[in-house]
Structures are given as C-alpha cells and as structure tokens.
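So the protein lines, in turn, are chains E, W, B and P. When the letters of the first sequence are read in order and numbered with our numbering, they come out as residues 1 to 367. When the letters of the second sequence are read in order and numbered with our numbering, they come out as residues 1 to 367. When the letters of the third sequence are read in order and numbered with our numbering, they come out as residues 1 to 367. When the letters of the fourth sequence are read in order and numbered with our numbering, they come out as residues 1 to 367.
Hints were generated in silico from the structure; no laboratory data involved. Just to be clear, a hint being listed does not mean it is correct.
Repeated chains share a single entry, so a pair holds when one copy, or any two copies, can fit it.
No farther apart than 30 Å at their CA atoms in a straight line, the calculated lysine-lysine pairs in the DSSO-like style are these [what the hints assert, rightly or not]:
1) Lys-59 with Lys-282
2) Lys-20 with Lys-59
3) Lys-174 with Lys-314
4) Lys-150 with Lys-262
5) Lys-262 with Lys-146
6) Lys-174 with Lys-282
7) Lys-174 with Lys-20
8) Lys-20 with Lys-45
9) Lys-314 with Lys-150
10) Lys-150 with Lys-59
Take a look at the letters that make up each chain.
Protein chains: 4
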Amino acid sequence: MGSTWGNQLKISIYGESHGKAIGVVIDGFPAGFRPDMNFISREMKRRAPGTSKLTTSRKEEDLPELLSGFYDGITTGAPICITIYNQDMHSKDYEGLRTVPRPGHSDYTGQLRYRGYNDIRGGGHFSGRLTAPLVFAGALCKDFLKQSRKITIGSHLYQVGSIADLPFDPTSVKAAQLEKLQGETVPLLDETLLPQIIEQVDSARMELDSLGGIVECAIIGAGEGIGSPMFQNVESRIASLLYGVPAVKGIEFGLGFDFAGKKGSEVNDCFMLQEDQKIGTKTNYNGGILGGITTGMPILFKTVFKPTPSISRKQDTLNIKTGLEENLEIHGRHDPCIALRAPVVVEAAAAVAMMDLYLEAYGYDAG
Amino acid sequence: MGSTWGNQLKISIYGESHGKAIGVVIDGFPAGFRPDMNFISREMKRRAPGTSKLTTSRKEEDLPELLSGFYDGITTGAPICITIYNQDMHSKDYEGLRTVPRPGHSDYTGQLRYRGYNDIRGGGHFSGRLTAPLVFAGALCKDFLKQSRKITIGSHLYQVGSIADLPFDPTSVKAAQLEKLQGETVPLLDETLLPQIIEQVDSARMELDSLGGIVECAIIGAGEGIGSPMFQNVESRIASLLYGVPAVKGIEFGLGFDFAGKKGSEVNDCFMLQEDQKIGTKTNYNGGILGGITTGMPILFKTVFKPTPSISRKQDTLNIKTGLEENLEIHGRHDPCIALRAPVVVEAAAAVAMMDLYLEAYGYDAG
Amino acid sequence: MGSTWGNQLKISIYGESHGKAIGVVIDGFPAGFRPDMNFISREMKRRAPGTSKLTTSRKEEDLPELLSGFYDGITTGAPICITIYNQDMHSKDYEGLRTVPRPGHSDYTGQLRYRGYNDIRGGGHFSGRLTAPLVFAGALCKDFLKQSRKITIGSHLYQVGSIADLPFDPTSVKAAQLEKLQGETVPLLDETLLPQIIEQVDSARMELDSLGGIVECAIIGAGEGIGSPMFQNVESRIASLLYGVPAVKGIEFGLGFDFAGKKGSEVNDCFMLQEDQKIGTKTNYNGGILGGITTGMPILFKTVFKPTPSISRKQDTLNIKTGLEENLEIHGRHDPCIALRAPVVVEAAAAVAMMDLYLEAYGYDAG
Amino acid sequence: MGSTWGNQLKISIYGESHGKAIGVVIDGFPAGFRPDMNFISREMKRRAPGTSKLTTSRKEEDLPELLSGFYDGITTGAPICITIYNQDMHSKDYEGLRTVPRPGHSDYTGQLRYRGYNDIRGGGHFSGRLTAPLVFAGALCKDFLKQSRKITIGSHLYQVGSIADLPFDPTSVKAAQLEKLQGETVPLLDETLLPQIIEQVDSARMELDSLGGIVECAIIGAGEGIGSPMFQNVESRIASLLYGVPAVKGIEFGLGFDFAGKKGSEVNDCFMLQEDQKIGTKTNYNGGILGGITTGMPILFKTVFKPTPSISRKQDTLNIKTGLEENLEIHGRHDPCIALRAPVVVEAAAAVAMMDLYLEAYGYDAG
C-alpha cells in the first residue's frame, strides 16, 4: 500500500529497476484534456539517465507506452496507465548485495521489510528509477495546471555540493523564468556557476565519490485559498508525496529552517495591495502558504537530496551472514550527484500534489 | 477532511480555539491497554499554556474528559473520544481581524478558504491550541509503544532564536536521557544554556516580539524493518502529520539539509555489529531510516517553528475592505516563542505516526 | 479504523451504548450553512427510543451537544463534533454475556475481535444506539442537500414481518410524498396497513420475540452524472456506509434480486424526453443508477433488517467457558422490530453518502 | 479515484474495453509468495469470453503479462502490475451510441460524467471486461488465502433466469465441494439443471434477449474474529468492492432479504460446540458474520446480476441530439446471460476483500 498516493487524484506507481517495466496508474484525472505530448517527452528526458557525463551511463529512453485513459490523444476520465519497459540493465552488478549491503542504501532495510524476497537488483522498487513514472504523472498535471489555470511550476539547483546558487526572489518569480529553467540541463539562476558545478561533479565522479544538493521549487499562479488546516494543508500534501522520492532527507517551505533565528517582526509578511489590485504580501517568508492554505504569492520550498549512496570508492560494510566487516566496491553505473536530475522530479511531486488539492477544491473536473 | 489522519490508526481532531471544546477521536487503538493516566496528564501539562512567564498567559487546565473507548481504565478497542472544554477565553480581542488580518497568520487565508464563515476568534481551528488533542493522542501512543515495545520518544530544543543547543549523539541516544528531557520545562542537552534562553525569550516578550526555534526529536527502540518504500515511508508519514502542526515550516531527517554539502564517502553509514550483536551502523547520518524503512538506529529529525506570528508590536497590514494599509496592534495573549511548548507536540506526532506504522506492520492488535 | 467513513466528507463515530457518551466528528462539511435545528431535532426523535410501545422502553432524549464547527448557528467549515450523553442505562442487565453470548448478536464476535476487552454492556460500540450520531450527520447532510440542491430523501417500511407495503412508483416519487413520510411514526405508502402492523409487532413483543423488515428509500432531485464507475459508484458508496448499520443483511438497488428472473427486454429502461424536456427513462428498474452513475431518475434501494436478535424468550446458547449448552433469558429492553426505527437511519446513510459524492463532484464547498 | 480500492491491499484497475490494454496494480501484496500460475490461468479462463456458445463470441485469451512485483516467480512485496492487451475488438459496432444511448447501459451516464470524452467503444472503462484484472487479483489472493490460511472460496449459480439451483447448506460447506464448483463451466449444486439452463440461455440468445441471475458465494476456513464494527465490517468491505462489478444490483448476506419475514426466535443462530470442539452455531442464518465480524462458520452471500443490457433485439431509445425516439438494434457481441461468467468474479471480489481484512488483522505479511 506504500506506492499509492492521493485523495481525488490517485497515483499508483509500480515496477522495479531491473524488472520488466515500471509505470503508473493515474486514477481521477479529468476527462477532456489533450496533453502536449512533446512537453511530456521533454519532461521525461529531463529526468532520463545517460544524457550527459554528469549522470549515470545507464541509457534509458524512458518512452512511456500509453495503455489506457486516452482516446484520440484526449483523456477519457478513465484511469491512465503507462508502462516504460526497462532496457539497459546490467543485473549481474548487483549480486551479493543481500549479504554485503551497500552503506546508505536500502539493501539492508529492504530485505528486512520483505524478508529477503525484494528484488535487490538496481535497488528494485526502491530505485530512483521509479521517479520516471512520477515525472510522467507530474508532467501531465503540470500541463493541465498550465493550460487550465495558468499555474507554472519550475525549479533550480539551489545548491550542488559546496556551490550555492542565488535564491528565487520570493515575491516576484515569473512564469517565463520558470519555463526557461525547465529547458536547461542544469537549471541555475546564476548561470555563471555552471562551469564550477560541472567541474565539482566531475571531480567527485573521478574520485569515485558523490555529492548532495538542494532543489528550490516555485509554484506561481496557484491562486489563493487552496488547502486546508491541519493534515491536508499544502505543506503536508507536498511533503508526504515528495518524501516518497529516494534520497530526499529534508523539505522546508519559505524561509524554512532560517525561521529559527528570526524574530516575528522580521518575518511576518505584511499584507498589501499589489499592482494588479490583488491582495498580496510585501515579503514572502512564508513561501506562499499561511495556515496551510495558499496566499496567492509564489509557493516556495526547498528539498535536499543526499549524496548518491552508491559510490564506487571502496567502503567498509558488514557481511550480515558472517558478521565480519568487509570492503565493498560497487561497480554499477551511478549518478555522481543525483540532485542534478532531481529538479523535474521535485516539480512533478509539486504538480501532482497541487492537482489533487485542486480536484478537492473544485470537484472532479477541476471546473 | 483536513483534520483526519491515519491508515490503521485514524485520528480526527475537532474544535476551535474559542469555541466550546476541542478534542479528538482515535479510531483503531488496540483493545486491552491500560494507559498510565498520570503520564498522560504530565504530557498534557507540558503543552498547556499559562505554566510560566515564558508562555502565553491564557490559563487552560486542559483536562481531557474521556467520553468513550475505555472501560475500567482499559481500552475497549472502540474509538476513543476525548473532549477538552475551553475555559479562559477573551474573545473580544479578536474582533476586526476579518478586515485587518494579522500578518503571518491564517486570518486571511482562513477566510478565503471558508468564505468568511470560519471562527476567527483565537485562530479558530487553525489555532495552536488544537495541538492539545494531538498531544493526548500522542501520549496514549507513546505510552503504548513504551509498554508494549520499549520504544522511547523524546526531544529537546535544538535552537531557540540565536541560541543553539548541542545535538543528540546520533548513534547513542538513551531512553533515560529522553525521559529526563520529557520532565523539563525547557528541555536542553546543554542545560547551562537555560539562563540565556530565558533571557532571550523574555527580552523578545518585552520588545513585544517573538522568536523561532528548532526541536530535535529522537525515537529509540523502534526496531528495524518498519515502513515501506515510496509514500508510506517513515519520513513521509511523520512529515505528513507534523506539517499539520501550526507554525511548522520545515522538517529534516538525520543530517537533513547539511547533506547538501557532503560527499557520499563522508556520510554513508557503514554497517557494523553492535555490542549486543545486532546489526547497526557506525554513524547515523541517515537518522535511522534508509529507503524509508527503519534501520534500528535512533530515528532523528528536526522541526522548525517560525516565530509566533501574533506579536503585540505595531505592524503594517492591509484593511482588505478599504484597500488601505493600516497599523495593527494585537492585544491578545501570545507565546513569545511557540517552539518552547513544541517538544511534546513533536513527540506526539512522532508517536502517532509510529503507532500507525506498527499497526500496519503487525496488525490491529500490534501483536 | 472501522468507525471512520468517507472521502471528502469524513465521519468518525464514537461511543458505546452504556458508556459516557456517543457522538460523531464530521470533517469536511462546507462552511456557511445554517441548518434548520428543528428539522435535525425531529430527525433525532424519529430514531430515538422510548417514543411508543412499538420500541424499546429505554428513554433517551438524544439531545446532541454541539462542541465545534458552528458559530452563531452557521457552520464554520471546521470539523463538527457532537456529543450525546447516555442517560437511561441499566447496565446490570448485561452481566454474564461474555461467557453466555446472545445468539445472533455481536457478543461472541466482539470478544474475539477485542480479546475480551470490548465494553459488552448494551452491545457497546456494536449497539444500534450508535446510529444516533449517524442520524445527526445524516440530518445535517439531508438539510444541506435540500436547501442547496433541492434533493429530497425519504423512505417507508416496505415490509414488516409478513406484511408488505406498496412499493414506490419508480418513475414518479414526489418530494411532498417523501416529506410526509418523514413525519410519520410508521411511514407507509398504504396507511391502511398500520393497524395490522401494530398488532403484529405487539404480538411479537408479547411472545417475547422480534420481527424483521425492509426499508425502501428514495432520493429525488439528485441530478444526473453523479458517481463514478467501479468502486466509487453510487451503489458502492451507499452500501459501504449502510452495511455499517447494525442488523442490515442485504441491500438492493432498483429491481434488485428480482432482476434475476427477468429478461433484458423487460427491464431495460428506455430513454425518453420527460415533460420538463429533461432526459429520463420510461421505466426505472435500475433505480436511478446506470454504470454506477445517477441518471436523474429517482434513486431507489431497499435495505433488509434482521429481527432484533435480543429477544426475551428463552433461547439455547453455549457457555463458552464450560463448553456446555445453557438456556438464556435476556432481560434488557429491546425493540420488537428494529426495522420500525430504521427508516431515518437508512435515509441518513443515503444523505451522508450522497453528500460525499457531491463534494467529490463539485469541490469542498459543493459549489 | 473510482477505480482504486483497499486499505492495506490496494488494487488500482485500469483500461478500456476497446483500448490498448486492461490491467491492475496490486499494492501491498505480501512478499515471498509463489503463486500457482496454472491456478491463476484457470481462473482467468473461467471468466474469459468466447469459451462456449453460452457467452459472447468475442475471443480474448486474457493472458496477463506480469510487469512487476515478481522475481523468479515469487512476489517481491513491490506492487504487482499486470497488463492484458486487448485483441479481438470490433470497434465500429459502437459508433453512434453517444447520440443514441443503449437502454440499461452506461452510455448515457458515462457521457454525463465525463462530458462526452469517455471511450464509449464496448463500454470503455464501464465494460464487464474490466473484471478480468479483478479476477487476476482475486485469483492471487485466493491462492494466498488457500496456501497460507486454508481458506477456500467458491460459488455456484443460485439462479439463472427462472431456474433456481439448490442453496449451499449454510452449516456444512466443504472445501472439496467449492473446488469442484471452480472447475465447472456452469457451477451448479444440482447438476441435473444444466440442460434446462443451457436451453433457456440459448433460447434467450435466439430471441436476441438476455437473462439475469444470482451467484451464491461461500468462504470457508476464514476463521473467527476478522472484521470490525461499523464501516470496516466484512459485509461492508465485500459489498463496497462487489458493487464495482458491472451489472450487480443487489447483495445479501446469509438469509438476506428473507430475514424480513422471520421472527428472531426462528433465525437466531444458537452457539454450540462443533465436533472439532471449536465454537460454532447450530444454524447459520447470519452467513458467518455477526456484528460485522466472522464467527468461524461459512461466510455466505448472494449477488444478483441484471440481464445483460446489450441485447440485439430492437429497442426504443432516445436520440439525445434530436430529442426524438428511435429504434436501436445493437450489433455487437454480447453475453446472453452475464451471470454465467460471474461466479469467478464474485469469488475474486470476496478474495480481495478478505485478503485486505487479513492484512489489517495480522499486518503486512499477514503473518
């Protein structure tokens, strides 16, 4: 039951990294929507591996086969199912991980949970590869939110290893800016950082090591008054979905952890009339959410991705059968910095969560 | 539907800050458990206002009346309902907030969401007061987890304003340590910080201002193999509940946002045999969770609380009827630092989330 | 988790027959609705015991105390909680049922499920008394559906023991007719049957026995296009809630079980234009639902209630401790025909289910 | 959200009758189970069309392709996804149904619900063909329940048109009997009725008409104490799933609607010690369920299927564009009596519902 999420829009993700296929069933998507399949393909490619030396060398086209829910390219209202067949698998790389689990990875806990029956190859159902169907679902929702409500979702790499990008301006994120970021391999607000980042990632790869990173995501045009107090608030919904993405270890909204050192008088967002005569706030420390409900200002949140735990460098671990410590060298193909492929995944989670909130607010046609 | 949470254990929280009563229905709690009512009272008191000059002067005894689910002090398996009647209400303080909403508060968004019909007095259903029934549910679960599974949950103030406490030692948190912290008004690992913290909070109060803070929570004895990949993982479950607590703006597990600047080789937790011959990890950067599933090491997470938005200092805001900016002085009674009362709330959320996960894992008796 | 129901509108029912109180939390009810409290009181009274010699002599006023979710008599959008304190309890009547369980009752299975810790007095949480909070929730929803969508829900006793009433005319049920039925103690389409029914029930009572019955319910004005295929269809939603009512053992929609002996050509409801130029069907064998979705014709379904299992007549049962058969004489106060008090309960379940479907269809204001 | 069902075991059914494929994702199935794929194939064949002249002439092998959740033939604990590609489609048969909807079918309501965007060919997502993935899920659960808990589920045609079979003996249904019934094309307790039934069905087919029917299902070995009061009771769970099956219009447990005419003294099931010294009841009018919880006696319920609404005989209907009545002749291929293929579907729904209840009771390994 762990891989199904949602209230009015339910996604049910299936598949294993080296199994036959991965995919998703999306139940509750409104009828009558013609998605821009080129946009969806571009989103899938943003996440796909093998596109540059910055990512794993595993090559997957990640072409989703549409099995249901569409007729003549338009959604029918019936559940949408897609399948992505796995292609470039080197499963021999994963033998032995049951007895000598990789540090920082799900090998050990996955076995405990499934009594040794989990498909451990490539991480099985725990693999980052399972974000591909999430990106499909997210792209569909993003396109719907864009076309029907003029909502735009975009993100950038707020931090890669030790290098920090500029933050979004919390009160004036623009749709064009977010769409430009969507088109970039390494989305940055300060593009001059790109060479440094490439160098740092490459250097980590050469050292058989990996880097962490932070993605900052913005949702604009989301409108005001969406969400509920307590457990269906916007933060709760986004976080509950986003923590399902492998390697995510923290999520913060608006000023997030920096609120701790601030005084109320410094960070209370004062209300004001905006140029368009709509009510807004002068500052946006709360990231567009008050009381769990959207204010109409940009929704802003950051998500941290830990360094890829699969590194090729020799590591200590335990042989859980012998009880002896062993050295482990992992020979699979891995991303030196998983965060680099994460922006589109974060955006997808945001899009699916917002879509569910809109269907709750406006009904099953999101009318 | 926003105030109901859970799968096998469902909590449904009701009430408004200045309404007749607040409370919770807890559905799915195992039969045959005799809770330590003294422990539950102590937990309620940890959260209750009016206990020191560090908190709001509103005085509420917060005595829960047990309406159902108990027979001779033992749980019957039927839903547990408690009611806490509100007592010390000064509702006149809240007139006018509909047209002149408080910055940083839910006044504005609550009205949008409920088309002006929400009970705005004291924040209504958005009030931090609604954490009282959550603390009751949490205390019950905490007691059950302690008695039946030797699980201990505790927390301390990792940061108050600009003052930082020591962190938990991620590999060796002890039950006695957590229980000691539960007994303290201002739980700190470095107790010498207490005078500074009191001074800083008092100073904020005198300046009619407020402070933020961070709570670090630990769960020990949770056992290994609990949780699921993707959306029912431990992080997702805890976060989805905890974001329901007012003023929470960020949650991170283990090293959290500090993972961004680390290399995989620095933060991969190597497996080892512990003294008791159980499998553990040498370090615990992942906060006791890998692949969304418990490793058996201490579960560790931090939660940031923004400064109380209700401050008495004069603030700018908007009169949403006239469209003109106005000064606002709030005369209610407020906590200068809501984080000070938050540890027991964070622990409660952790306890309820873990209880739900245990019922999923072991069945409805958590046998 | 068994006593919580709903998607967008969630009800969480609590309490035990001889405990302190019973009640319900209703989460997700739209803000801004002023219920007709007289109507709700009348509905509560329709269900309440002690109103005539046809029902149990237990006297309960069933006055719900509103704890939350209302301000000046208008819903705030926050969860609505009501409490009904139990008053007229004779708990000594129930001693001994743990070892000598009543046939046809939940005494035995309740003990198994809760390992002997269930509150067995008066059936505890299994009691028909728990339908009182359901009737409250139903009355609120019924009133909302009436005021905002002109939907009317009513029912009559289709069968009591061996006496059968006339059925509704499936194509022309009228609001006035349903409202008239709501006002009657024993709602019948053929009122001339009343003396016979009274005599039969009285005779069963005198014989220390009980009778079964069938309630036929109609929902009109429900509009067309509500519901979904598969598991959220109208039949599924109503049935999943209604089977939660004690003593219900069967539910059928439209022609129901009589479909078995019919040919398609006899029971296919042909489409036609109605007088008001809206599309309808000439016949309505399908009870207003095709493919799980409303057609706009009256929704019709029947619910069977088994004879009250608690009868005062001497019965055989087993002493589960000694393993010996024993005679059992039950001395509590019981309804000779629980079906007589069931119409308002059936209507309540229908109202809550329809309300949830409307919130799904139109969003959380059911706009 | 209508096609997803379950708590601990979630099924998410996708596909349309004449779309590319149909299938299901099963989330929460325990790891470590090796299903008998021959058994599953046999179950799929029991439902498959084209196997005899008694059913539609559409030929579908219904071979499920396993996309995930298995490794070396053993479940991994990850979601199980299967796909069945549609093969023998004659989609031209369905043109025109948007304007001239078939009586008794979902053509009209489906269009309302999905604003005309539903895939109307073959009924789309409303088609009885969608029971194929349910049968797969059911077969898997049935096999698990058999292997791990010795639970057997079987059914027979209690009624076909005007011909009634014998009922199960409520107190002594046997596993061998149920397994024998599973092996028969037309499962009957009184096999001498077969020629009559064939003749009657054939005669309906020749008359371009269709017949209704009733399936009686039994679950034995289910153990005692499973289920919960109120909305998670066994009846509620089974009914909520089973009403998702097209053409189902009524479900009753035990004596069902016949309870109405009975007295309590006639139908109270007295407790007794059985031969194996386990507690049982002398009679089993309640169909193995008291208070919503299993007694340990056979669980018995009946499900009525209306006559296939798609009949080839000329029918009146409405052209919803012109507003004029028209004659309609349907030329597709249809079952003269859908109930004949229903037993395995009813058993599947029972198996999935029971499996979910067991996972709730015993935890996610159903240990």
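Cross-check of the supplied hints:
1. Proximity of Lys-59 to Lys-282 under the C-alpha cut-off of 30 Å is found in neither arrangement, the shortest distances being 47 Å within a copy and 35 Å between copies.
2. With identical chains, the CA atoms of Lys-20 and Lys-59 are at most 30 Å apart both within one copy (15 Å) and between copies (27 Å).
3. Taking CA atoms no more than 30 Å apart as the test, Lys-174 paired with Lys-314 passes in neither setting, with 45 Å inside one copy and 32 Å between copies.
4. Within a single copy, Lys-150 and Lys-262 get their C-alpha atoms no closer than 34 Å, and across copies no closer than 38 Å, so neither meets the 30 Å cut-off.
5. Taking the shortest alpha-carbon separations for Lys-262 and Lys-146, neither the intra-copy value of 35 Å nor the inter-copy value of 36 Å comes in at or below 30 Å.
6. Only within a single protomer do Lys-174 and Lys-282 lie at most 30 Å apart by alpha-carbon distance; the minimum there is 16 Å, versus 46 Å between protomers.
7. Proximity of Lys-174 to Lys-20 under the C-alpha cut-off of 30 Å is found in neither arrangement, the shortest distances being 41 Å within a copy and 40 Å between copies.
8. Proximity of Lys-20 to Lys-45 under the C-alpha cut-off of 30 Å is found in both arrangements, the shortest distances being 20 Å within a copy and 24 Å between copies.
9. For the homomeric pair Lys-314 and Lys-150, neither the shortest alpha-carbon distance inside one copy (49 Å) nor that between copies (37 Å) is at most 30 Å.
10. Taking the closest pair of Cα atoms, Lys-150 and Lys-59 never come within 30 Å of each other, the shortest separation being 34 Å inside a single copy and 46 Å across copies.
When held up to the earlier numbered hints, the structure conflicts with 1, 3, 4, 5, 7, 9 and 10 and fits the remainder.
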